[in-house]
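Participant: Chains as they are written, first to last, in this note's numbering: chain A, 3 to 101; chain B, -7 to 408.
Because the hints were derived from the structure by calculation, they are not lab data.
Keep in mind it's a predicted model, so treat the numbers as computed, not measured.
Be aware that a few hints might be false.
Covered by chain B, according to a simulated footprint, are these stretches of chain A (three or more residues, beta-carbon under 8 Å) [what the hints assert, rightly or not]:
(1) 25 to 36
(2) 40 to 53
Pair by pair, the computed Cβ-Cβ distance ranges are [unchecked claim]:
(3) A:C11 / B:D136: 18 to 24 Å
(4) B:R299 / A:G64: 50 to 56 Å
(5) A:H63 / B:P23: 40 to 46 Å
(6) A:M86 / B:G241: 26 to 32 Å
(7) A:G87 / B:K281: 33 to 39 Å
(8) A:H63 / B:L117: 52 to 58 Å
(9) A:L93 / B:G395: 32 to 38 Å
(10) B:D141 / A:P33: 44 to 50 Å
(11) A:P33 / B:G241: 25 to 31 Å
Just some of the chain B residues that point at chain A, by a computed CB distance under 10 Å [as the list claims (entries may be wrong)]:
(12) E238
(13) R243
(14) D333
(15) G395
(16) D399
(17) H401
Quick reminder that beta carbons are idealized off the backbone N, C-alpha and C, glycines included.
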Amino acid sequence: MLNIDCPWCGKRHETEFHYGGEAHIARPEDPAKLEDTEWAEFLFMRTNTKGYFAERWLHSHGCRRWFNVIRNTVTHDIVGSYKMGEKPPKLPKRTGDAK
Amino acid sequence: MVKYSIFTIARNALTGHQNWPKQWRSPEPKPEYDVIIIGGGGHGLATAYYLAKEHGVRNIAVLEKGWLGGGNTARNTTIVRSNYLWDESAAIYEKSLQLWEGLSQDINYNVMLSQRGVLNLAHSLGDVREGVRRVNANRLNGVDAEWLDAEGVKNFCPIINISKSARHPVLGATLQRRGGVARHDSVAWGYARAADALGVDIIQNCEVTGIKREGGKVTGVETTRGDIAAKKIGVVAAGHSSVIAEMAGIRLPITSHPLQALVSEPIKPVIDCVVMSGAVHVYVSQSDKGELVMGAGIDSFNSYAQRGSFHVIEHQLGACLELFPIFSRVRMMRTWGGIVDTCPDASPILSRTPVDGLYFNCGWGTGGFKATPGSGWCFAHTLAKEEPHPLNAPFSLSRFESGALIDEHGAAGVAH
Ligand SMILES: [Zn+2]
């Protein structure tokens, strides 16, 4: 089980949270102007990184706020969490990527 | 290839079973192939087999980064069925089930298909309506399906708890009698042996590290065992599809997640069918060794780690015990995880890509095992003819632009 650091509440068990997938996917500024390929990119295409990954979590059984986490998808190590709107902490080099 | 039969067994018994030949060669990679399949799981091996058998392609390599039967092919819970809702899915999964039914004879390898019947339980009025609708849709597509009420479920699977006082009572179930289970690693080994006999080079411990391209067309791969040229490349890499796609500059609508399974200690035969519940989220069958084989949903977070969180196991065992109180003292022996490639519409992608000569077969998510033969058969056609077979044409990458999604969350739900 992951121990996730909520920026407001501190470290809690994963069961208190819900996952929100890839972080930093910006909503289109002018949706009416989007081509089909751009909609596909926004709605469906995902980076699915193997290694350090910026992702959203919701502290649903706590403060009920969304925030971002940097986690390694191979080792499950969590590097840090940060509030919505903040810049992500500097990512470690991708050395930990491979098994 | 030595044909397996009762006579070969008898002959080898005379020499103490010391002279069985290897089931497939382990060749060094050639400098060039007509087709390279990336990924030596069931789907990749089946693709190679049908390419050689149905389309006469002989110069094929299957590149596997690990060993055969080390990935999802031997990590799933072996359920086989074809009772999907939409016409497109019913067609491709039913093609697969029909291939399953003749597979042991076709590849001269016992895959131990056991058509013991698959129940998909309904626990609410919504479930019941959806289940009945799916039964009718299946029948219209020529897929066998029946609706059972709660008493019918109890008759079919006597150990199930249909008490009305359960938190989520069993109200009925769909039944596909032709569904069941198969021996998963036999599928990898059997396809490997049959493909090898047709000249396919199966190269293990060979990880692809790059896709070489020239003028928008593939020219080969870089691997941990050197560069290999290829005219066409079929990627069948399941959880690692996005990693390979990135090497070729392609974006996929796929996220990789752990899917966990577990087995109990072996017990006497107690359940002779497959029971699945999307609502309380567990599925159970019993292996020939006597172990209860169980699974449920994915871990929510992205991962490439082949392991998940324990609370997911706790949750599914809670569901299991409500359905089968008789299992309360059974001890669990092992749990493990595989990395599944989930797609937004819970349907696969078998498709050309913007890169010429590069094809993807991925996105089977939690339910790929049952589709192994059909997936390989369709993908072989796609690679050979350079265009999809009508069975897999709807499962193109372009559907995420056109919006023609094939939403199978209901039928795929927990179904693996
Ligand atoms: Zn919080």
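Participant: Confirm or reject each hint.
Facilitator: For each hint, the structure was consulted:
1. 25 to 36: Check failed, 0 qualifying residues.
2. 40 to 53: holds (count 11)
3. A:C11 / B:D136: 18 to 24 Å: Given range 18 to 24 Å: violated, Cβ gap about 52 Å.
4. B:R299 / A:G64: 50 to 56 Å: violated, 25 Å
5. A:H63 / B:P23: 40 to 46 Å: violated, 58 Å
6. A:M86 / B:G241: 26 to 32 Å: holds, 30 Å
7. A:G87 / B:K281: 33 to 39 Å: Distance hint for G87 (chain A), K281 (chain B) is violated at roughly 54 Å.
8. A:H63 / B:L117: 52 to 58 Å: violated, 29 Å
9. A:L93 / B:G395: 32 to 38 Å: holds, 34 Å
10. B:D141 / A:P33: 44 to 50 Å: Holds: the Cβ-Cβ distance is about 48 Å, inside 44 to 50 Å.
11. A:P33 / B:G241: 25 to 31 Å: holds, 26 Å
12. E238: holds, 8 Å
13. R243: holds, 4 Å
14. D333: Status holds, d = 9 Å.
15. G395: holds, 8 Å
16. D399: Violated - the Cβ of D399 (chain B) stays beyond 10 Å from chain A, reaching only about 13 Å at its closest.
17. H401: Not OK, violated: H401 (chain B) not within 10 Å of chain A, min 15 Å.
Consistency with the previously given hints fails for numbers 1, 3, 4, 5, 7, 8, 16 and 17, ordered from lowest to highest.
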